[in-house]
Amino acid sequence: GGVLIGAGGGLADIFARGADFATSMPVIEARYPEPHDRRLLLLLAQHIWDPIDAGLWIDAATDGFGANPARPVLLLTIPNDRRVPNDTTWFLARTAQLPIIEGSRFLPWGVPVIEGPHTGSALMVLSSLSEPPDHRALLTDARALSIIGRYLLSATIDPT
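Just so you know, we're using my numbering here: the sequence shown kicks off at 98 and counts up by one.
Read the hints as simulated data drawn from the structure, not as lab findings.
One thing to keep in mind: the hints can contain errors.
[Stated by the list, open to error] Have a look at the derived ranges for each label pair, beta carbon to beta carbon:
| no. | residue 1 | residue 2 | range |
| --- | --- | --- | --- |
| 1 | Pro-166 | Pro-256 | 37 to 47 Å |
| 2 | Arg-247 | Pro-132 | 36 to 46 Å |
| 3 | Gly-207 | Pro-229 | 19 to 29 Å |
| 4 | Leu-141 | Gly-217 | 30 to 40 Å |
| 5 | Ser-121 | Ser-227 | 19 to 29 Å |
| 6 | Glu-126 | Pro-256 | 33 to 43 Å |
| 7 | Leu-242 | Leu-137 | 32 to 42 Å |
| 8 | Leu-250 | Gly-200 | 13 to 23 Å |
All C-beta atoms in this analysis are idealised placements derived from N, C-alpha and C, irrespective of residue type, glycine included.
From just these sequences and the hints, can you work out the full model?
The structure is reproduced here in structure tokens:
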């Protein structure tokens with residue numbers, strides 16, 4: 098199995114609104130001053146990012162593809178992530194039909210709620226760990242690392 102930290106699907110949306118991309122926007126805005134033109138540019142450039150867009154390959158990971166067996170995936174994030182807009186994470190969870198662990202900090206629409214511990218794939222939303230909210234804080238948080246470690250060893254998501 099694997100763990101996706103702060104992942105989302107639809108990189109054109111992520112890049113248009115994520116904090117890291119904001120430094121590149123002045124260059125694009127200078128060339129494309131109309132917001133609709135910029136949006137179109139990002140959508141037309143989506144094919145450049147397709148190979149790394151989790152929204153395009155998560156089904157193959159969770160359902161299996163060809164000779165590759167299905168593998169469980171833990172999608173771990175925080176609310177109000179400044180780098181990856183949460184609606185793209187909710188989109189990714191719905192695309193892969195991942196449930197969300199009960200007790201998560203936020204329960205997105207259209208994602209079924211299940212009790213933990215849970216063996217298999219699921220979404221879990223922890224409390225914001227930094228200000229401004231940044232999913233990279235999950236990489237140093239003791240609780241998040243404990244959840245990730247247990248998951249990688251047993252494919253069990255235990256929110257305690």
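- Task: Check each numbered hint against the structure and report the violated ones by number, ascending.
- Result: Hint 1 contradicted; others consistent.
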